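**Q** Residue numbers (full-length UniProt numbering), protein chains in the order written: chain A, 1 to 416; chain B, 1 to 416; chain C, 1 to 150; chain D, 1 to 150.
Calculated directly from the structure, the hints in this document are not laboratory data.
All of these numbers come straight from a predicted model, not from anything done at the bench.
Where is the CB? At the ideal position from N, CA and C, for every residue including glycine.
Keep in mind that the hints are not guaranteed to be accurate.
Some but not every residue of chain B turned toward chain A, in silico, with C-beta under 7 Å [unchecked claim]:
#1 A35
#2 G61
#3 A62
#4 L65
#5 P136
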Amino acid sequence: MPEPKLNAEILKKDFPLLERTVRGGKRLVYLDSGATSQKPRVVLDAERDFYENRNAAAHRGAHQLAEEATEAFEGAREVVARFIGANSREVVFTKSATESINLVAYSLSSADSPIQWIPGDEVLLTEMEHHANLIPWQEMAKRTGAILRFIPVTDEGLLDLTNIDTLIGERTRILSFTHASNVLGTTNPVRFLADLAHSVGAVVVLDACQSVPHEAIDVVALGVDLMTFSGHKMLGPTGVGVLWGRFDLLESMPPFLTGGSMIEIVTLESATYSLPPKRFEAGVPNMAQAVGLAAAVNYLTAVGMDAIAEHELDLVTKAISGLEALPGVRILGPAGPRGGALSFLVDGIHPHDVGQVLDDDGVAVRVGHHCAWPLMRRFGVAATTRATFYLYNTEDDVRALIAGVERAQKFFGSAP
Amino acid sequence: MPEPKLNAEILKKDFPLLERTVRGGKRLVYLDSGATSQKPRVVLDAERDFYENRNAAAHRGAHQLAEEATEAFEGAREVVARFIGANSREVVFTKSATESINLVAYSLSSADSPIQWIPGDEVLLTEMEHHANLIPWQEMAKRTGAILRFIPVTDEGLLDLTNIDTLIGERTRILSFTHASNVLGTTNPVRFLADLAHSVGAVVVLDACQSVPHEAIDVVALGVDLMTFSGHKMLGPTGVGVLWGRFDLLESMPPFLTGGSMIEIVTLESATYSLPPKRFEAGVPNMAQAVGLAAAVNYLTAVGMDAIAEHELDLVTKAISGLEALPGVRILGPAGPRGGALSFLVDGIHPHDVGQVLDDDGVAVRVGHHCAWPLMRRFGVAATTRATFYLYNTEDDVRALIAGVERAQKFFGSAP
Amino acid sequence: MNLEKMYQEIILDHYKHPQQKKLAPLDNGAVEVHHVNPTCGDEVTLRAQVIDGVVVSVTWDGLGCSISQASTSVMAGLTQGATLQHSLDLTAQFLSLMQSKGVTTEADEVLEDGLAFAGVALYPARVKCALLGWMALKDAISRESGELNE
Amino acid sequence: MNLEKMYQEIILDHYKHPQQKKLAPLDNGAVEVHHVNPTCGDEVTLRAQVIDGVVVSVTWDGLGCSISQASTSVMAGLTQGATLQHSLDLTAQFLSLMQSKGVTTEADEVLEDGLAFAGVALYPARVKCALLGWMALKDAISRESGELNE
Ligand SMILES: Cc1ncc(COP(=O)(O)O)c(C=O)c1O
Ligand SMILES: Cc1ncc(COP(=O)(O)O)c(C=O)c1O
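Turn these sequences into a full structure, and let the hints steer you where they fit.
**A** Written as structure tokens, this is what we have:
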């Protein structure tokens, strides 16, 4: 049975923030979910329920409350694991995708790393990476002597695979790239790249920040080794991210953050470490946030990930045709198939000014380099205006966006 | 005007979880706040208010919601800074004290660190450190060739300063120690040790996890360079910690986690970094948790930190005399002046079994090595039973603890 | 009330009078393992000797709570003299009992005194205590077989 | 409504017809600085020359939004030919206007066209845009003085 189409007007009522108004009574049109999503009531309730009924230090106490807290936390891990088709012992809770990627970059460059670096070894990234999947590798390259290489981006905003055979080779030790671009909406060919990288023995890391929230993901089918995403972009709380990894790989990786609850035996001089996932979760964990994330996952699952993907594609397609109908508006990125991030330029008006006019109409978009500065340079611009869509956005929201851009053109007198 | 004594019976009503029962209707007697504290309603409300009214990516958007989120997040920083007598640009939000200490240990051992390590340089710790303030330094020592040294602990549970002059010397680059022991309740002479370490040019790091929640702290008066604590132990949410540092020191430290929002200019090859605190806060931050922590700080301030300290000292003193009156019960740690962590041993009964009997009575204590395994060895034990007190504990709670220990003795037939 | 359910007489008896809690000499290819419970620091040292597919000797020493001590004692009593296969079966059965949340089945009856630990399964934090000695045995057996295979 | 308050005519005029937006040659000890707004990538290159305590020349080039461009234009117009001290005073005054949340005082009147930016102070995310050129000037002056002191 195909999932029913989702009804955003109805879903919207689950999100208290979307009822508020901005700029003197204007309806809020929230088109910035790519930066962070809004939260349904069930997520806030789940967090609160944890604090009001089960809060204690997981894994550390022998009393009833500690048992219940542990159960809640480990239960959340199972829910998240199931959501991506993984085993729960492969799911590490971090504070964010940013921490997850840093964890990987530090662990895989430490002295005990399963990868022993030889100067000249390569890490392959793409030109469309978010700073979170770029700077940790720059820092890692400084420590190891590794060389960063980049898969270029075509004018259409796709990965340019023409010379991929010269980019992936014997020296490639790690390939790390984004599943979906947070700027262009491009969806990259994960399996193809992963297989290619595996053929030379490289470890494949996927930044799934912009895919896991928006489509059904089966981590086994993707064929990658490590995958990261953030809770706050998928209806979950701030302060929680995920690192998924093949268990045997995780097991071979040394810890990153060290401290309590990730140890086996500790003396003053040295320590031995637990198996994953605990090895990577030092300290009292972000229990309430993990529980909130599990509630978000359950909400998403109930709505249906395929229905969400279809809904977003519908909205972004309408937005593209609406914007392209305006003279002097240029879309960056592919026409489709694509994710829901939509970047555009308005001739003669700086994105900051476009965003300001939209904001004045209650339309919240993001302007700037979107933490992908090198990609901006690739397209010869300093910034773009970006709208991102989610399950609670409606066609009215798309109309408000287009109307706002028209108003900006009138206001700055740039419409031909 | 002296602060009025606090009334725990009344305060308790602010903590929803403390109304629950355990083990078949028993009143919950929560004596495990040293592991994690319970949360007052105002903290949960503040987090929820953030999500329902101001949630957006701080520092990243130009729309009204993003402005309000930024204001909420930066406002939280100011509240936390004021609470410890600091300037807000010296306050870094992390996910936990564990992350804070790892941040320091990694940053100060990276290639651009203001400390340039020469093999044989020393890091001085104490025998009473929590694993969170031990293992990160062990790992750091592996990377730098530094040598760890330890201030010993006396039979009374105090730092043994007899040979301190031979422990702190020219080779000492870092002194890192706990303000209050999470096992023994010992309060260490911070200013004395900090001054001594400064006289040889060492950087002084304070683990204030067990002091900031329980007493008034003025970080300038303490005379340390860096200080860490966790939100969840001071009525705040899980998933938020603090690193405080002297601004000029923070400014000289390279970043630890890298990614979005901590940069100045980014190219594919390299990046330059923001000033602190942003330099150390890569990614979309734990905004809701910071806001919740600020609400916790406001609640603590309204109750009065001196009143809290006095109340806890009163409870722990009564608990000590009650337990000491039982034959075969031995207290670890100093009689006083002391913090509120109270570890004890019951002749012939393993701490796990003591804890089980207490749990059966609804009394939640912690048993085990309390993430301070080397300290356990110092005292020749595998584990202790530990009760920790906070502002919501009452004399009834103390009585329940003592009655529970008596019951354990009867149950296991170990009472003489 | 709950307490009595958890600390059955049998458990307290084994705790006070542990079986085979005296390490046999390490000769004739006996294997020694040392296991620790990382949350509480409890330890067990176990020596096992397997000859011709029979676990001829299981002795141990250790420090720990009543549950870990009693459970190790029960384990030592049940497995010494048993076949290797039966010892592994018992271990699997005990593990499944510990994951049962207190519901026993007929199959559990092979565990004899070990059945008394059903109540412990209701306390997740104590399950690790009950498993300490059994996991040490499993480890010892797999090392022993590893050596045999080499 | 709010929009008009923020984008005052004066601002739009400066945006469309920026003053001194053409870098003067770098000679006679003029100082060049390059500033970037890390949130949006806007950039300004500024050249300033100070002779005998007078800012004799302020020219610039840059890429950015209406606010950053207009504000840099106003800054260049106000400070070129002013004394070093007066330029610093103006900078401080503009900074305080930006922190005023839109409330102007009499003292702000020295800012002349700069007063039009009072509305921008209501939008925290745009304050950085308005400050870009001014902060570049401040930096240039302090480097210039640094060099003089050496
Ligand atoms: C003294 C001390 N230091 C550090 C920590 C680590 O804190 P967290 O687990 O919140 O990172 C704790 C608490 O577990 C502690 O008591
Ligand atoms: C593609 C991509 N990667 C990584 C990140 C970093 O996520 P976070 O800031 O939650 O760590 C983001 C979001 O900002 C993103 O869009």
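**Q** Could you run down the list of hints and mark each one as holding or not?
**A** Results of checking the hints against the structure:
1. For the restraint placing A35(B) at the interface with chain A, the shortest Cβ-Cβ distance is roughly 4 Å, inside the 7 Å limit, so the hint holds.
2. Hint on G61(B) holds. Least Cβ distance to chain A is approximately 6 Å, under the 7 Å limit.
3. At a threshold of 7 Å, the smallest CB-CB gap from A62(B) to chain A is about 5 Å, leaving the interface hint in force.
4. A distance limit of 7 Å between C-beta atoms decides the matter here; for L65(B) the minimum to chain A is near 6 Å, and the interface restraint holds.
5. Contact between P136(B) and chain A, as hinted, is supported at the beta carbon level, the nearest pair being about 5 Å apart and thus within 7 Å.
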